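Visitor: Chains as they are written, first to last, in numbering that gives the first Met the number 0: chain A, 0 to 624; chain B, 0 to 105.
Each computed DSSO-like pair below joins lysine-lysine, with the alpha-carbon atoms no more than 30 Å apart:
(1) 305/A <-> 541/A
(2) 74/A <-> 201/A
(3) 592/A <-> 101/B
(4) 445/A <-> 369/A
(5) 369/A <-> 522/A
(6) 28/A <-> 445/A
(7) 436/A <-> 525/A
(8) 101/B <-> 589/A
(9) 305/A <-> 159/A
(10) 104/B <-> 592/A
(11) 525/A <-> 363/A
(12) 104/B <-> 595/A
(13) 589/A <-> 104/B
(14) 101/B <-> 596/A
(15) 168/A <-> 115/A
(16) 596/A <-> 104/B
(17) 363/A <-> 522/A
(18) 363/A <-> 159/A
(19) 525/A <-> 541/A
(20) 159/A <-> 25/A
(21) 28/A <-> 159/A
(22) 595/A <-> 101/B
(23) 445/A <-> 305/A
(24) 305/A <-> 363/A
Examples of chain A residues lying across from chain B (beta carbon under 7 Å, computed):
(25) 599
(26) 600
(27) 601
(28) 602
(29) 606
(30) 607
(31) 610
Going by beta-carbon spacing under 7 Å, a handful of chain B positions derived as facing chain A:
(32) 24
(33) 27
(34) 28
(35) 97
(36) 101
(37) 103
(38) 104
These are computed hints drawn from the structure, not numbers from a lab.
All figures in this text were calculated on a predicted structure; none of them were measured in a lab.
Backbone N, C-alpha and C define an ideal beta-carbon position, used for all residues, glycine too.
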Amino acid sequence: METNLALLLLLSPFAGFLFNVFFGKKVNKGISGAIGTLTVLISFLSSVYFFTQFNPSTKPIEITLFDWISVHNFKLDFGLLLDQLSLLWLLFVTGIGSLIHLYSISYMHDDDNMHKFFAYLNLFVFFMITLVIGSNLLVMFIGWEGVGLCSYLLIGFWYKNHSYNDAAKKAFIMNRIGDLGFLIGIFILGSMFSTLDFVGMKQALTAGNSDTSLLSLAALCLFIGACGKSAQLPLYTWLPDAMAGPTPVSALIHAATMVTAGIFMVTRMNFLFDLTPDVQNIIAVVGTATALVAASIGLLQNDIKKVLAYSTVSQLGLMFLALGLGAYNVAVFHVITHAFFKACLFLGSGSVIHALHGEQDMRKMGGLRKAMPITFWTMMISTLAIAGIFPFAGFWSKDEILMVAFDHNKTLWMVASIASIMTAFYMFRLMYLTFFKDFRGTQHQKDHLHESPSLITIPLVILAILAFIGGAINLPGSTWLNHFLEPILSGKHEEHALGSHEYMLMGIAMAGAVFGILWAYSKYIKQAVVPQEDSEIAGISKTIYNKYYVDEFYTFLIVRPINSLSNFFRTTLEPSLGKVIFSFGLITNKIGKQGKKLQTGSIGLYMFAFVIGIVVIISYLFIAQ
Amino acid sequence: MNNVINEIGIENYIFLASLLFCIGVFGVLYRRNAIIVFMSIEIMLNAVNLLFVAFSTFRQDAEGQVFVFFSMAVAAAEVAVGLAILVSVFRNIGSIDIANLKNLKG
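Same shape as in the complex, but just chain A:
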């Protein structure tokens, strides 16, 4: 029963993928979308069933499907593991996945390749589920690579635009760099423990005294993998470019689910990271730095999706800060609330873009509040949540991170708080520029302004409600999530009793958020500033607007040398090597030309050669004896 249901949970989106690949073109678009949505919904319902049946006091459900690798003393099963962590992830992956599929039916309806879109989206959900419920690192790696592939396919979904293809390639290559680290980490762990099973590794680690330096190296390699997938410094530049994909993709893959895979993996391997404090420090510092850098870039972006992308990078940075401080439960909490409000924000921005026929530049928006009330209010709730305003979901989770940071390291806390203030500022900048004041687009767009259809607004409303109440799963004082996750987190876990200390920190965080909002208010409502044209931006703003020239720096440091190296190979090395190889052919050819003269066609000569040959062989044999 459990095995079958788990297989249904896993394979249902895959069936949807197969259907859309083979029959999607033949059926009409509505059916293709409905099947895509329904298969994910089935997964969601199975996850809900597992979640309600799950008994935290008993052992987690382990399902071994078959023996996968068995070499010498290294043994690996293809197994599924349904414990607290994977169940949580399953719930929001498939839940938000279903909502976004529903949304896409309406959003992608004008696209000729809608069946392809749903096929990719279903495949993505399948791989994401594989990643989440794999019982060992290698199964997880299959999902890890699979979601990377789907991300690539979906970023380049509108493949006729060349820069979108470039963005897809960039995402794929950046992820491969991280994946190499992940793979090396897997190899190190495999050679150390002769198993990659999570349960087995945990037992081996808690039982024996392992080589700490090797463990640190493995943890670092895994973290590099997480950096690539979850867009941390220095591998974050692919995520903003990934906004080239359709907006539902940005919401599902590049905000709510795939990019949190790195956090999932680190949480999964928490028993390893707990033993390597050096790596934990690196994670905390990288996360904080990412949060600050991305938030500061977000301050000046004018593309509505780019702002959200940098905000995602920044929020992921905060989650890594929590991971680095060992507060895995807090990071998971923020992942969940972030999934709610960021998916809602992305879908809302998609609704706006839809209404404006593809316009993404906030300088050409404004005043949409009256035309699109549902979109406005849902996005407003999510914006309040991400800015960290009491009592929205983001307030609780972000505040927990800041509290943990405050307890461990004041500098990290300061930097993270500044990043939070920036978050409040740029999110309200986005809201003010998009929904307030007067419309700045063309007359044609103005005439066609409309609220999106209900297939788009229903997911928005559901997500906004979740963004509002989502914090309830882990309120200070009634920490359901912390207790739920306790059995799988080996180390100490952060718990905050409510005291004056905590109230003070909450107050500071709230004050920061309000300050950011007022700052944005005075600039974009009171003074009615509209961001300048690209050419007019100067000074430090120009540096920030151009994302600190990190892309250009990478181009200079890595892409150019590789290009010139491959150019050297192409123009110099390959021709000269080719000559060497070709000369072998020439020599053979020459020998053949001479040799064919031997074949005269005269039978007599052949006979003669034959007899002489035999005589020589026989005489040699006699003499040799």
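Given the coordinates of chain A, assemble chain B onto it according to the supplied hints.
Guide: Frame of chain A; chain B shown alone:
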């Protein structure tokens, strides 16, 4: 039977067989008529057959004689095929002089 071998001596059989074989070889090498070449090949085969039989008798072992039957059967088949080829060659180029069969020149 033993007497035949002993009276004449096994070495004389070997000499005769070698002689026949050499005649065959030279026939193959020097004659240009394809039929003569065939005959020379037959002579070589029979030289070997003779040796087989002689040694078989000398060693009181019937296996050699059995082999000779095989060899003769194969030789007969070979001649049949060979002659058929020769007939068709003759029909095509009007000659069975092997010096003229040079179409397989490289």
